[in-house]
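The whole structure should be built from the sequences, with the hints applied where relevant.
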Amino acid sequence: MLSIKDLHVSVEDKTILQGLNLEVKGGEVHAIMGPNGSGKSTLAHILSGREGYQVDQGEVLYQGHDLFDLEIEERAQQGIFLAMQYPVELPGVNNLSFLRESLNSIRRARGEAELDAAAFMRLAREKAALVELPDKLLKRDVNSGFSGGEKKRNEILQMALLEPQLAILDETDSGLDIDALRVVANGVNALRSPERGMIVVTHYQRLLDYIEPDYVHVLAQGRIVRSGDKTLAYELEEKGYGWILQEHAA
Amino acid sequence: MNNLQQQSRWFENLLEANSDSLNLRAADGLSGIHVQAQQALSDLPVPDRRQESWRYSDLGKLYRQMFRISGEAFDALQETDIDQWIYPKQDSYRLVMVNGQLAAHLSHVSGLDKRITLDGISQLSATERQGVAAYLQQHGGFADDTFGQINRALMQDGFYLRVPQNTVVDKPIEVVFVNLSHDEQLLSQPASLIILEPGARAQVVERYLSLGSSEYFFNGMTDILLREHAELRHQRIQQESSQAYHLSRVGLRQQAASIYQGLTIASGGAWSRNDIQVHLDGPHAECDLQGVYTVGDGQYNDIHLDVAHNAADCRSQENFRGVVHGRGKAVFDGRILVAKDAQKTDAQLSNKNLLLVEDAEVNTKPQLEIYADDVKCSHGTTVGKVNPDQLFYLRARGIDEQQAYRMLCLGFADQVLASIEDQAVRQHVHAMFNRLL
Numbered sequence: 497m498l499s500i501k502d503l504h505v506s507v508e509d510k511t512i513l514q515g516l517n518l519e520v521k522g523g524e525v526h527a528i529m530g531p532n533g534s535g536k537s538t539l540a541h542i543l544s545g546r547e548g549y550q551v552d553q554g555e556v557l558y559q560g561h562d563l564f565d566l567e568i569e570e571r572a573q574q575g576i577f578l579a580m581q582y583p584v585e586l587p588g589v590n591n592l593s594f595l596r597e598s599l600n601s602i603r604r605a606r607g608e609a610e611l612d613a614a615a616f617m618r619l620a621r622e623k624a625a626l627v628e629l630p631d632k633l634l635k636r637d638v639n640s641g642f643s644g645g646e647k648k649r650n651e652i653l654q655m656a657l658l659e660p661q662l663a664i665l666d667e668t669d670s671g672l673d674i675d676a677l678r679v680v681a682n683g684v685n686a687l688r689s690p691e692r693g694m695i696v697v698t699h700y701q702r703l704l705d706y707i708e709p710d711y712v713h714v715l716a717q718g719r720i721v722r723s724g725d726k727t728l729a730y731e732l733e734e735k736g737y738g739w740i741l742q743e744h745a746a
Numbered sequence: 367m368n369n370l371q372q373q374s375r376w377f378e379n380l381l382e383a384n385s386d387s388l389n390l391r392a393a394d395g396l397s398g399i400h401v402q403a404q405q406a407l408s409d410l411p412v413p414d415r416r417q418e419s420w421r422y423s424d425l426g427k428l429y430r431q432m433f434r435i436s437g438e439a440f441d442a443l444q445e446t447d448i449d450q451w452i453y454p455k456q457d458s459y460r461l462v463m464v465n466g467q468l469a470a471h472l473s474h475v476s477g478l479d480k481r482i483t484l485d486g487i488s489q490l491s492a493t494e495r496q497g498v499a500a501y502l503q504q505h506g507g508f509a510d511d512t513f514g515q516i517n518r519a520l521m522q523d524g525f526y527l528r529v530p531q532n533t534v535v536d537k538p539i540e541v542v543f544v545n546l547s548h549d550e551q552l553l554s555q556p557a558s559l560i561i562l563e564p565g566a567r568a569q570v571v572e573r574y575l576s577l578g579s580s581e582y583f584f585n586g587m588t589d590i591l592l593r594e595h596a597e598l599r600h601q602r603i604q605q606e607s608s609q610a611y612h613l614s615r616v617g618l619r620q621q622a623a624s625i626y627q628g629l630t631i632a633s634g635g636a637w638s639r640n641d642i643q644v645h646l647d648g649p650h651a652e653c654d655l656q657g658v659y660t661v662g663d664g665q666y667n668d669i670h671l672d673v674a675h676n677a678a679d680c681r682s683q684e685n686f687r688g689v690v691h692g693r694g695k696a697v698f699d700g701r702i703l704v705a706k707d708a709q710k711t712d713a714q715l716s717n718k719n720l721l722l723v724e725d726a727e728v729n730t731k732p733q734l735e736i737y738a739d740d741v742k743c744s745h746g747t748t749v750g751k752v753n754p755d756q757l758f759y760l761r762a763r764g765i766d767e768q769q770a771y772r773m774l775c776l777g778f779a780d781q782v783l784a785s786i787e788d789q790a791v792r793q794h795v796h797a798m799f800n801r802l803l
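As they're listed, the protein sequences go chains Z and C.
497 is the number of the first residue of the first sequence in our numbering; add one for each residue after it.
367 is the number of the first residue of the second sequence in our numbering; add one for each residue after it.
These are calculated hints, taken from the structure and not from any lab test.
Using N, Cα and C, we set each Cβ at its ideal position, and we do this for glycine too.
Wrong hints could be hidden among the right ones.
Which residues of chain Z face chain C? A few of them, derived with a C-beta cut under 10 Å, are [stated by the list, open to error]:
1. 545
2. 551
3. 567
4. 570
5. 584
6. 592
7. 594
8. 595
9. 598
10. 601
11. 736
12. 742
13. 745
What follows is the structure, encoded as C-alpha cells:
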C-alpha cells in the first residue's frame, strides 16, 4: 500500500530525513518511535502533503502511484488520513458542517452519493459514541475551546467517519491522561481491519500498550536504525534510546 | 475651472437636473425641508479628500456621472422579482420602495396593529408629513454633510414607522429598497424615519437590491428615535450589483434605557459607504453595532461609525469584520466620543479584516475621544490573512482549496453573524456570502 524508498527530506536547507525506507501493507500497524528531532513528525507531514518540506531524493509510492503527484486534498480523497498532533481550532466553522463537508468531499471524489443531513447525523452520532465525544461538541465550532483530549477524540472521530486506507497518527498520545488515552486507543483499535494500514508515530511506549503494533521502527537521525516486533518497544522503554544510537554510530 | 469648482458645480447640476421632478411630484408639507436644505448646502464644503472623513474616498468616480430621479411607474414589477433575491422568504410586514418611492402594489401591511403607523411618507396625511419633516429638520442626522443635505433638498419619499408606547410589533418589518435602472443613471434617495415611543419594540430589516443593469446612485437616510426603554433590532442588508453607488446613513438618537441592536451587511458595489451616527442621550442606553463588509475586485467599501456618549451609564459596542476577496479597497473608521458628564461609559470597538488577495487595501482607523474620567473603553483592529494551518487542516480532510477558503471566510464572518437571532435573516446572509465568496 505504501512504499517509501530512500527518502531524503529537508526543511529550509536543514536535512531531516536521510534515506528512510518503509513498507506498509494492508492490515499492518507500524509504530515509529524515536527521540525528539529524529524526523518522526516530518514523516507524518510529508505523507499528508503539508507545505514547507522539500523532497531531495527518493520516492514514495501509495497504491502503486507517486504520492507527490497528489495535492493535499487528493491524498485525503484517496484514503490517506493524518490524525494531527496539534489539531487547529476553526472559530466560526461548525463541527458538524465541517465533518459533513469533509465526508461528502471524499464521497464525491470516490464517485459515491453525498449523504443528506439526516443520514449524516445518524452516522456522526454513531461514530461519536465510539470515541465518547459528547453531542454538544459536535455542535460547537471545530476544536474551539476543546480540551486536549477532546481535540484528539475529534481527530479519531474524523478517522472513523472517513474510513481511510492509510491512517497516520502523529503523537496522538501527547497531552492525554490515561483515561483519554484509553478512549482514543479503543477508537483506533475499532478501526483496525485487514484492508487498513496504520502508522503510529509516538515518543513513548505507553500508547503501544493500548494499540499493539505489528512492527516497531526506531527512527534516528533521519533514518530507520532498527526494526522489530512489539518487544522492541518494551526494550526502548526500559533502556531508553541511547543504546541504539550508540550501536548505530558504531 | 479647478477640481473644487468642478465638484461644486456637480452638486449644483444634480439639484438642477432634478428640480423639475421635485416640482412635479413632491408631496405637500415638504417644501420647508427643501428650502432649508438648499440654504444649508450653500455653506457646506464639497466632500473631497482634504476632509478627514472623506480622506480615503475616491469620489471622482461618482462626480464623473450625473444621476436623475426617475418618473417611471413600476407597475410591471412583481413580487417574485423581489423574492428571488430573498431566501428564505420571511413572514413579515413589507414595504417596497422602488428608486426611493413607495410601490404600494408590492407592499403588504395587512394585519398590522392599527395604532402602528407604517407607510410611505408620500402617503401620510399632510399633518403627519409635516410632523416627520419637522423632526428631520430639527433632529435629523448628517446636517453638516453635503450628501445629507442633498437627500433633504430633493426629498420626496421614504418610509415612516411609528410604534406607540409599550407596543410590540408582532412580526418583522421588511423595507426593501429596489434600485431599478435601465439605460439611464438614476438617483434614488429615500429619507426615512423610525420612532419608537417609550417601551415600544420592533424589528426592522432594510434590504437593498439592484434589479436593473445601469449605474445608479442610492443616497438614502434613515433617522431613528428610540424613546425611554424602547427596543429596536435593525438589520440592514446590502446586496447590490457592481454598478451601484451606494451611500446610506443611519442617524440614531437614543433616550434613557433604550436598546438598539444593529447589523450592517455591506457587500459593496462600484462605490459604497455606510455611515452610522449614534447619540446616546439618556442614561443606561445600550447600542450594539455589528457588521460584515466584503470587498471584491475594483470595489470600494467604506464603513463610518460615530458613537457619541452624551449621558452617563451607557454601553456601546462596535464589532465589524471585513472580508477582502478582490483587489479593492476597504475603509473602516470607528469613532467613539465620551462627553465630560458621560461617566461609567462602557464602550468597546473591534474591527478585524481578512485579506484573501495581495493587491488590496484596508484602512482601519479607530478613534477614541474621552472627556470623562471614569470610563471603560477599548478598541482593537487587525488585518490578517488566512491561517495556513487552518487551510491545511481542511484540505487534509479532503476539502478542496477553494471550498476551504470559503469555509474559513464564512467562519470569520460568522463570528459576527452568530449574534443574529432571526434565523431567516441569518440564513439569507449565509446564502448571500456563499454565492459571493
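Structure-based check of each hint:
Checking residue 545/Z against chain C: minimum C-beta separation of about 7 Å stays under 10 Å; hint holds. Of the supplied interface hints, the one on residue 551/Z is violated, with its beta-carbon coming no nearer than about 17 Å to a beta-carbon of chain C, more than 10 Å. With a least beta-carbon distance of about 7 Å to chain C, the hint placing residue 567/Z at the interface is held under the 10 Å criterion. Look at residue 570/Z: its Cβ gets to within about 9 Å of chain C, closer than 10 Å, so that hint holds up.
Restraint check, residue 584/Z versus chain C: the minimum CB separation of about 5 Å is within 10 Å; hint holds. Checking residue 592/Z against chain C by beta carbon gives a least distance of about 13 Å; that is not within 10 Å, so the hint is violated. A hinted interface residue such as residue 594/Z counts as satisfied when its beta carbon comes closer than 10 Å to some beta carbon of chain C; here the least separation is about 7 Å, so the hint holds. Because the beta carbon of residue 595/Z sits about 8 Å from the nearest beta carbon in chain C, less than 10 Å, this interface hint is met.
With a least beta-carbon distance of about 4 Å to chain C, the hint placing residue 598/Z at the interface is held under the 10 Å criterion. Proximity of residue 601/Z to chain C holds as hinted, the smallest CB-CB distance being about 4 Å (cut-off 10 Å). Below 10 Å, beta-carbon pairs count as interface contacts, and residue 736/Z has none with chain C, the closest being about 32 Å; its hint is therefore violated. Given hint, residue 742/Z at the interface with chain C, is violated; its Cβ is 37 Å from that chain's nearest Cβ, farther than 10 Å.
Because the closest C-beta pair between residue 745/Z and chain C is about 36 Å apart, greater than 10 Å, the hint is violated.
Of the numbered hints given earlier, the model fails hints 2, 6, 11, 12 and 13; all others are met.
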